Amino acid sequence: MKTAIIQCRQLSHVYSGKLALSNLNFELEAGEPIGLVGPNGAGKTTLLSILCGFLRPTSGKVSLFGYSPGATQLIGKVSALPQDARLDPSFTLIEQLVFYARLQGLTRQQAISEANRVLEAVTLSDIAHKKPQVLSHGMGKRVAIAQALIGKPALVLLDEPTAGLDPVNVRTVRSIIAEQSTETTFVISSHDLTELDRLCQRVLLLEKGILQPEYATINEQQANIRFITLQMEACPATELMAKLQLLNGVEQITNPQKNEFIITYNSDLEANMDMQLMQCISANQWRYRQLSHGKSLEEKLFFRE
Amino acid sequence: MHSGFFNQLLLISQFELKRFFATRKGLLSLLTFAVVWYVILRYPLRFAADMLIKGQGFIEGSSFFDFIGLSSLHHWAIPEFAVYWHFALFIFPMLSINLAADQSCSDRERGTLRFIALRSSRDSIFFGRFLGVMLIQMLLISMTALATLALVVYRDATLFSAALANLLAIVVNVALAILPFTAMMAVLSAKVKSVRQATLWAILIWTFLAAIISGLAHYLPVLDFFKCLIPGYQIADLTKLSEWKTLQLAYIPILQALVLLGLGRWLMVRQTL
Numbered sequence: 190m191k192t193a194i195i196q197c198r199q200l201s202h203v204y205s206g207k208l209a210l211s212n213l214n215f216e217l218e219a220g221e222p223i224g225l226v227g228p229n230g231a232g233k234t235t236l237l238s239i240l241c242g243f244l245r246p247t248s249g250k251v252s253l254f255g256y257s258p259g260a261t262q263l264i265g266k267v268s269a270l271p272q273d274a275r276l277d278p279s280f281t282l283i284e285q286l287v288f289y290a291r292l293q294g295l296t297r298q299q300a301i302s303e304a305n306r307v308l309e310a311v312t313l314s315d316i317a318h319k320k321p322q323v324l325s326h327g328m329g330k331r332v333a334i335a336q337a338l339i340g341k342p343a344l345v346l347l348d349e350p351t352a353g354l355d356p357v358n359v360r361t362v363r364s365i366i367a368e369q370s371t372e373t374t375f376v377i378s379s380h381d382l383t384e385l386d387r388l389c390q391r392v393l394l395l396e397k398g399i400l401q402p403e404y405a406t407i408n409e410q411q412a413n414i415r416f417i418t419l420q421m422e423a424c425p426a427t428e429l430m431a432k433l434q435l436l437n438g439v440e441q442i443t444n445p446q447k448n449e450f451i452i453t454y455n456s457d458l459e460a461n462m463d464m465q466l467m468q469c470i471s472a473n474q475w476r477y478r479q480l481s482h483g484k485s486l487e488e489k490l491f492f493r494e
Numbered sequence: 002m003h004s005g006f007f008n009q010l011l012l013i014s015q016f017e018l019k020r021f022f023a024t025r026k027g028l029l030s031l032l033t034f035a036v037v038w039y040v041i042l043r044y045p046l047r048f049a050a051d052m053l054i055k056g057q058g059f060i061e062g063s064s065f066f067d068f069i070g071l072s073s074l075h076h077w078a079i080p081e082f083a084v085y086w087h088f089a090l091f092i093f094p095m096l097s098i099n100l101a102a103d104q105s106c107s108d109r110e111r112g113t114l115r116f117i118a119l120r121s122s123r124d125s126i127f128f129g130r131f132l133g134v135m136l137i138q139m140l141l142i143s144m145t146a147l148a149t150l151a152l153v154v155y156r157d158a159t160l161f162s163a164a165l166a167n168l169l170a171i172v173v174n175v176a177l178a179i180l181p182f183t184a185m186m187a188v189l190s191a192k193v194k195s196v197r198q199a200t201l202w203a204i205l206i207w208t209f210l211a212a213i214i215s216g217l218a219h220y221l222p223v224l225d226f227f228k229c230l231i232p233g234y235q236i237a238d239l240t241k242l243s244e245w246k247t248l249q250l251a252y253i254p255i256l257q258a259l260v261l262l263g264l265g266r267w268l269m270v271r272q273t274l
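For the protein sequence lines, the chains are A and B, in the order given.
Here the working numbering is used: the first residue of the first sequence is 190, the next is one more, and so on.
Here the working numbering is used: the first residue of the second sequence is 2, the next is one more, and so on.
With the rest of the complex left out, here is chain A (with noise of 0.2 Å):
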């Protein structure tokens, strides 16, 4: 039986008047990236900041691996990229970065090392004597997350990781997360749910400082109904659909976006509707660019039905 890393019992923060969480009540497993979404507002920094100790919560009981958050005992064993926090600009990456590493524990070699190790990998070896004055907004990020990655704790909570890099950038900090998530649980609030649901398998919604009840559920489809999300070029919408509605086995087919559009069908009645699909494409001299099982996380967040 998995331990909870993470867990929250009723779970409340009021900033000035004004309700930031509301009784969150959840437990998180060590395993695969857990996506943190919800609006602007919605509370995901207010959460991370009490999960890492920075903020104390209002009222409700919080603990990651069984201790309060800020407590010794996690000192190398939880790490996190805070929202807009900034290096000192006195000193040099790698001479705050060796720093990070002796608190954690590290002898000096090991932490030079350390510091080296994760600078390579955010791909700043280079900049490693510069200050951070230096630094553009996209490696000032890359530096964060690297600070987090000292130590290869055991759960990371990143707060939007990915804000502000261009997409090589993207890519890197989703190569980094994909490699270490076999040893390090990775907590992530964004934004960007293209790139959650790339790299999440399980999402915590909040809205308003509530935690949404279907965060649990948006991955587990009733055992018959499927969904398939189909791309197309520019094709005839309504005719398309008219085609699509008399394959075997369809249910539904809605078009959320110009050109998108997500088929609900029964697989008992139809197991390779993909097949089916492709052929009737084909057969009307359509293109199509992408066709993916399943709903997308902006459609299961945010389009419920």
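Just so you know, these hints were derived from the structure itself, not from any lab.
This structure is a prediction, so every number in the text was calculated from the model and none was measured.
Just to be clear, a hint being listed does not mean it is correct.
What the hints assert, rightly or not - Coverage of chain A stretches by chain B, computed from C-beta distances (three or more under 8 Å per stretch; other residues unrestricted):
id, region
1, 239-246
2, 261-275
3, 291-299
Ideal Cβ positions, reconstructed from N, Cα and C, are used throughout, including at glycine.
Place chain B on chain A using the hints.
Same frame as chain A, but now just chain B:
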């Protein structure tokens, strides 16, 4: 695996020493400090010490030093240290307000403290920074005291052993005098958002505390006891004492610092980072 409280305390205080002695900003402060003290040692200190040695400044039984309220200068065996003692007692607490103002406020506003708090306790941060700033100030005090010792030995090398005892007494006492000021800045730094705010609040609090308590004590002498809440309260009395007798009042700054550090720790633990 994580390092213990004392290991973190040492690492954090070492990092503060590095900030002062090995960064451009720190070295600039050090240079300014050196220039100011060069001027003090070169002119007022040597001038006053020369007057004491030659017995000048005495007019009809009272001296120039009595006139400016520094009669206790005669109680010191070595005139240079007598003058240094008076300068140090006023300059170092003032320097402390400036030097110790940024124990945590800038790092908290920048978010750097979050990186540190992920890997050390808030107690380690608070007391580590305090210890670091105290060590820096003690090094500065020692450097100026050693420069004064050099002046003494330059004048008369036979005074070396006597001067060394004076030097130790002075360094210990000045360090004790700055203790509550540094602790007061640690409290303010844990609460306010910038160095500027910390410095302004320190001046305001210190001035109002001194004015209000002194004012109330004037009408109600029983309140005179509360004067011991004012950092530096004992300094005026300290100037009347000399050499190791100065330790008679050491309990005042130690108690003040303990109370202030307790308050600062309480704030630091509850502060949002």
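Structure-based check of each hint:
1. Counting residues of the region 239-246 of chain A whose CB lies closer than 8 Å to any CB of chain B gives 5, so the stated coverage by that chain holds, three being the minimum.
2. A stretch counts as covered by a chain when three or more of its residues have a beta carbon under 8 Å from one of that chain; for the region 261-275 of chain A and chain B the count is 11, and the coverage holds.
3. Judged by the Cβ-Cβ criterion of 8 Å, the region 291-299 of chain A is covered by chain B as claimed, because 4 of its residues qualify and three suffice.
No hint from the list above goes unmet by this structure.
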